[in-house]
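Chemist: The chain contents come next:
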Amino acid sequence: MKLNNKVVLITGAGGGIGQASVRKFVSQGAKVMLADIGTEVTQQLVNELGSEHCACIAVDVAEADQVENMVRATVDRFGGIDVFVANAGVEGKIGSIMDTDVSNLDKVLAVNVRGVWLGLHYVMPVMRDGGGGSIIITSSGAGVKGSPNTAAYNTSKHAVIGLMRCAALESAQFGIRVNTVNPGAVETRMMESIEDGFAEAGAGDFRAMVEAVTPLGRYGQPEEIANMMVFLGSDDSSYCTGSVYMVDGGNAT
Amino acid sequence: MTFDFKRQVVLITGAAAGLGYACAQAFAAAGAKLVITDISQEALDKAVNDLEKGGTEVLGLLNDASDSADVSAMMTAIVARFGRLDIAVNNAGTATPLQEFHEVGEAEFDRVITVNVKGVWLCMQAEIRQMLKQGGGRIVNMASATSRNTYPNAAPYVTSKFAVAGLTRTVAVDYADRDIRINAICPGNVATPLVVSLVEDLSVLSTRHAIKRLGTPEEVANGVMFLASDLSSFSTGSLLEVDGGWNAI
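The listed protein sequences correspond, in order, to chains A and B. Position one of the first sequence corresponds to residue 1 (the numbering used here), numbered consecutively onward. Position one of the second sequence corresponds to residue 1 (the numbering used here), numbered consecutively onward.
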């Protein structure tokens, strides 16, 4: 097992990719703190996987004091943080820039960008003092290409790539590696919500559009994204930092 | 992650030394049957011998990956021996001495492009023809951090590695519907025999990497195995960096 007794903190742990990542990390021997906006889903997962391997906490990642508390609670419970998966994110409303309110942009950026910044701000000192670690930010296929009707989400996912690169350069000297994982369309609740949003906005059949332009011709499974999380979290990727790792069925090609 | 390539037939070109040999060792440790090629008989014999000592089944082929007759013979030999090809790592590559662009001779350009680009092209064609017959496969091309970044006085090499990235991405799209996944790995500098032969002071290279050291061959092999395994089942046409943060600088 590649992550025996490593401590992993995952935000958005109750979502599709988050849950799959929790399972993979636990299967590799890690201790995992599951953070999400509520604990309904994550507590069930903790009950299933066993409280000796994991614990859960409620956090709004856009709130500084809550993020600080989440980091402290993780250290108190498991003794440090070796891997941080900044995975919490929201898709926002579907619609064109002309037709959506700026409050949608504010909300999406607060969670997807400010939330990641806050996570880095509080986790990086813990890793520095602990001798290093690996940080994985969930970006998206939408982080490297434009896409109509998702400007707020798309902008946020581009932004975290810049944040990742800066964090990687600032923290390499402390043995901290920072990368993004960029999933294409994956079978999750968020994707269903985006599909519904496209249908409601009269913007077309999202799933059919995505499958038509994805070389592998299908959505990904959350486990396929989690595999990359574990690769980047483990010492297998000890020379990987500052990079963007697509897991998108070839979509970005 | 523990990789398992038991009963899988893995081809690695240019595998007698450097990154290719590190990949061969890694796949051998994961239980694969190996085909390794090289243009040096002596180095090839030693590599085959060392791998066989560890109990691995190895077919060594003296082969020029940029010569179509050689590549054709290579594929015939692989099928004759193992009946199939599951994974191909197109690693054979070369470089010119560092030189300002206006000084580079036409023959040097031709040599690098022939080995690094035409070689990958020919090998992928032969591999894909076989993979289509058997219903699928996986290809990992050895690209470079200089597939997306520059390096001073290395125009032939950088040009060739940009081309490998483009070739990887476009061919991946062509065969994505037939269960052939094609990706590339982009290593930073590793102290391989090729790099050591070209650069006098390796410590200078460290400064190009955020991690401030060179990579190890094993770190590159880890990335190759990830792309060759089912762990990357939703990845095709991707470039996977193992570059110590070079591209973020």
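Heads up, some of the hints might be wrong.
Straight-line C-alpha distance at most 27 Å; calculated DSS-like pairs for lysine-lysine [stated by the list, open to error]: (1) B:118 x A:2; (2) B:6 x B:46; (3) A:107 x A:145; (4) B:212 x B:6; (5) B:6 x B:53; (6) B:6 x A:2.
Selected chain A positions facing chain B (in silico; Cβ < 10 Å) [unchecked claim]: (7) 214; (8) 227; (9) 238.
Source of the hints: derived by calculation from the structure; they are not laboratory data. Just so you know, these numbers come straight off a predicted model, no measurement behind them. Just so you know, even glycine gets a beta-carbon here, dropped at the ideal spot from N, CA and C.
Chemist: Run every hint past the structure and note whether it holds.
Modeler: How the hints compare with the structure:
no. : hint          : result
1   : B:118 x A:2   : violated, 38 Å
2   : B:6 x B:46    : holds, 23 Å
3   : A:107 x A:145 : holds, 21 Å
4   : B:212 x B:6   : violated, 36 Å
5   : B:6 x B:53    : holds, 17 Å
6   : B:6 x A:2     : holds, 20 Å
7   : 214           : holds, 8 Å
8   : 227           : holds, 4 Å
9   : 238           : holds, 6 Å
Violated hints for the displayed structure, listed by number in ascending order: 1, 4.
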